[in-house]
Amino acid sequence: MNTDLKKIDDYHWKVPRRGSMRVPGIIYSSAAMINRPDQKEPIRQVVNVATLPGILKASLAMPDMHWGYGFPIGGVAAFDWDTGIVSPGGVGYDINCGVRLAATSLEEKDVRPKLADLVDALFRDIPSGVGSKGSLKLSVQEEKKVLRQGSRWALRQGFGRDNDIDRTEDNGCLPHADPELVSRRALERGQKQLGTLGSGNHFLEVGVVQEIFDSDVARMFGLFEGQVTLMIHCGSRGFGYQVCDDFLASMTRHVQKLGIDLPDRQLACAMIRSDMGQRYLGAMACAANYAWANRQVLLHRSREVFQRVLGIGPRDLDMQLVYDVCHNIAKKETHLIDGVMREVCVHRKGATRSFAPGHAGVCDAYRSVGQPVIIPGDMGTFSYVLVGTEKAMEKTFGSTCHGAGRVLSRKAAKKASKGRAIHRELEDKGILVRWTGRSTLAEEMPDAYKDVSEVVNVVHGAGISRKVAKLRPLGVVKG
Amino acid sequence: MSEKYRIIDHTADIGLHVFGADPQDLFANSALAMFDIITDPQSIEAVDTLTLTVKGGDWPDLMVNWLRELLYLWSGKQLLVASTRFTGISERELIAAVTVDRYDPDRHKIKTEIKAVTYHQIRVDCRATGWQSRIIFDV
Numbered sequence: 297m298n299t300d301l302k303k304i305d306d307y308h309w310k311v312p313r314r315g316s317m318r319v320p321g322i323i324y325s326s327a328a329m330i331n332r333p334d335q336k337e338p339i340r341q342v343v344n345v346a347t348l349p350g351i352l353k354a355s356l357a358m359p360d361m362h363w364g365y366g367f368p369i370g371g372v373a374a375f376d377w378d379t380g381i382v383s384p385g386g387v388g389y390d391i392n393c394g395v396r397l398a399a400t401s402l403e404e405k406d407v408r409p410k411l412a413d414l415v416d417a418l419f420r421d422i423p424s425g426v427g428s429k430g431s432l433k434l435s436v437q438e439e440k441k442v443l444r445q446g447s448r449w450a451l452r453q454g455f456g457r458d459n460d461i462d463r464t465e466d467n468g469c470l471p472h473a474d475p476e477l478v479s480r481r482a483l484e485r486g487q488k489q490l491g492t493l494g495s496g497n498h499f500l501e502v503g504v505v506q507e508i509f510d511s512d513v514a515r516m517f518g519l520f521e522g523q524v525t526l527m528i529h530c531g532s533r534g535f536g537y538q539v540c541d542d543f544l545a546s547m548t549r550h551v552q553k554l555g556i557d558l559p560d561r562q563l564a565c566a567m568i569r570s571d572m573g574q575r576y577l578g579a580m581a582c583a584a585n586y587a588w589a590n591r592q593v594l595l596h597r598s599r600e601v602f603q604r605v606l607g608i609g610p611r612d613l614d615m616q617l618v619y620d621v622c623h624n625i626a627k628k629e630t631h632l633i634d635g636v637m638r639e640v641c642v643h644r645k646g647a648t649r650s651f652a653p654g655h656a657g658v659c660d661a662y663r664s665v666g667q668p669v670i671i672p673g674d675m676g677t678f679s680y681v682l683v684g685t686e687k688a689m690e691k692t693f694g695s696t697c698h699g700a701g702r703v704l705s706r707k708a709a710k711k712a713s714k715g716r717a718i719h720r721e722l723e724d725k726g727i728l729v730r731w732t733g734r735s736t737l738a739e740e741m742p743d744a745y746k747d748v749s750e751v752v753n754v755v756h757g758a759g760i761s762r763k764v765a766k767l768r769p770l771g772v773v774k775g
Numbered sequence: 031m032s033e034k035y036r037i038i039d040h041t042a043d044i045g046l047h048v049f050g051a052d053p054q055d056l057f058a059n060s061a062l063a064m065f066d067i068i069t070d071p072q073s074i075e076a077v078d079t080l081t082l083t084v085k086g087g088d089w090p091d092l093m094v095n096w097l098r099e100l101l102y103l104w105s106g107k108q109l110l111v112a113s114t115r116f117t118g119i120s121e122r123e124l125i126a127a128v129t130v131d132r133y134d135p136d137r138h139k140i141k142t143e144i145k146a147v148t149y150h151q152i153r154v155d156c157r158a159t160g161w162q163s164r165i166i167f168d169v
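Line order of the protein sequences matches chains D and H.
Residue numbers for the first sequence follow our numbering, so the first one is 297 and each next one is one higher.
Residue numbers for the second sequence follow our numbering, so the first one is 31 and each next one is one higher.
Since the hints were derived computationally from the structure, they do not count as laboratory data.
Don't take every hint at face value.
With the Cβ distance kept under 10 Å, some of the chain D side facing chain H (calculated, not the full set) [what the hints assert, rightly or not]: (1) Asp376; (2) Arg420; (3) Arg481; (4) Tyr537; (5) Ala545.
Mimicking BS3-like on lysine-lysine, the simulated pairs with C-alpha atoms at most 25 Å apart in a straight line are [claimed, not checked]: (6) D:Lys628 to D:Lys440; (7) H:Lys85 to D:Lys714; (8) H:Lys139 to D:Lys711; (9) H:Lys141 to D:Lys440; (10) H:Lys139 to D:Lys488; (11) D:Lys353 to D:Lys707; (12) D:Lys553 to H:Lys85; (13) H:Lys139 to D:Lys710; (14) D:Lys714 to H:Lys141; (15) H:Lys107 to D:Lys488; (16) D:Lys710 to H:Lys85; (17) H:Lys107 to D:Lys433; (18) D:Lys336 to D:Lys628; (19) D:Lys711 to H:Lys34; (20) H:Lys85 to D:Lys707; (21) D:Lys711 to H:Lys107; (22) D:Lys310 to D:Lys336; (23) D:Lys707 to H:Lys139; (24) D:Lys429 to H:Lys139; (25) H:Lys85 to D:Lys429; (26) D:Lys628 to D:Lys441; (27) H:Lys85 to H:Lys107; (28) H:Lys34 to D:Lys441; (29) D:Lys710 to H:Lys34; (30) H:Lys34 to D:Lys707; (31) D:Lys429 to H:Lys34; (32) D:Lys628 to D:Lys687; (33) D:Lys353 to D:Lys687.
Partial selection, computed: residues in chain D whose CB lies under 8 Å from chain H [what the hints assert, rightly or not]: (34) Asn467; (35) Cys469; (36) Glu484; (37) Lys488; (38) Ser495; (39) Phe520; (40) Gly534.
These numbers come from a predicted model, not from an experiment.
Glycine is no exception: its CB is placed at the ideal position from the N, C-alpha and C atoms.
Build the full structure now, drawing on both the sequences and the hints.
Listed below in structure tokens is the structure:
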């Protein structure tokens, strides 16, 4: 038992303010999850984040919290726009890593007979794996358009439909993106990788709606039981990594000049209003836009594959984007804090926005019910669709969890998978898997992750998002 | 021969504990260890030589910047590092001759994609027994 922790109720724990902490830590979890030995380190990271200048209310963590570098993964922190900091480590390397869910008009029986062909074709047509390169090779001039326009760029090239953009967080474009702020290296890495999935935990999944918890909201989201879905999880590829890396290096030097005493160098930061802070936000927005364009291209390619393999037209497939959310981002938002509306910079690192019904940030189609939240599980279990709530606005700066959260290190996962054929085990459950990396499957096996249902039950119980639907995987493509 | 490095298991990432008799040894072993995580070092041949100058604010900063530069050779230019030799090294700057091989999928099997060298819990220490460093990679 971690003695620093005080249980508030069954869903949250408090780390009281002490030492150089400016605010307390609040961790959403369950008794079973928070007392595990692997939570010790991320709890310390929650404390570290609480020491940063301008942090408001609390250093927060979601139930899928695990050890990150600097900020914990599953961390949420908001900083005052005038007196607070922005930190690349609070966003993460894979800027705007995120997930999008699309729903079709098909049912499992329509797809089952051709499932193997479908998964094979998705695997073949969508470049994945280490350092994968796309079919789109961009000139630097064209790349800069991607960085400025995000999803809109993809749409202009014919990759998608108008309502794809409405159903993307921030309409798939952060407006303050300035390509002149990114390095030559970042541009170079970005030129070759648009339209690729990448490696690691990124995936493309054909699934089916297994259960509906809230039929009214599900109907608004266009979801019904037995419906075939497609989920895409990926980010800004090497481009985002390079942006993060470049700014971490310059902010490490910068922060020494500022005289901010950091408990960990990975927490390097700059004041939001400073030139350095604004430069980072402008470059970060480029990476966020790159990621949205990337997921938009991948959705388009997936639609083409479905139509070709199943021999149907776009109308019969009717693959509609339900929503696209970011997992790794820092954004300017307005939140009610101690009775006053304040402009803040919300960092979500491995966390999802969960805006309430009526919020202007939720697209017209869903404004009456709240923002869709998509929570991918590991490849052997379920994924969830949740909806944002007023409680999230009050408690977590409109944020909730993002996934299952790792429990086994990659090495430990490989060890645990020795002598097992993970793809066979999945096939026995009716899930087809195609993958590139030698050890990807072992590293990403279901046992390596927390039970996503346990994570979702906490955020649902705490009221920071509500369960709408549960999806079961049919076929998975891993990088 | 004494131990040059050890791989540390980290929930989300891979870390290294590197040893060296002096800074040159430590920085050379760190490079070796990083490319051992990426591929089989035996498969990398010294085809070309590049000269790198890397600067840092202190030893840990220099270490991160050094490995970042070498990782960029891989992720940005598809070059694998065979060996490193220093013509000068101090806390603020190093100059190194780096031999590299061009990535060839037939000869090089990629074991792990290192995506970034992090500053997380970075350490470079001079102890009575020699120099040590701890580095965590994002993979």
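Legend entry - Hint check against the structure, violated hint numbers in rising order: Of the numbered hints given earlier, those the structure breaks are 1, 2, 7, 9, 11, 16, 18, 20, 21, 25, 28, 31, 34, 35, 37 and 39, listed in rising order.
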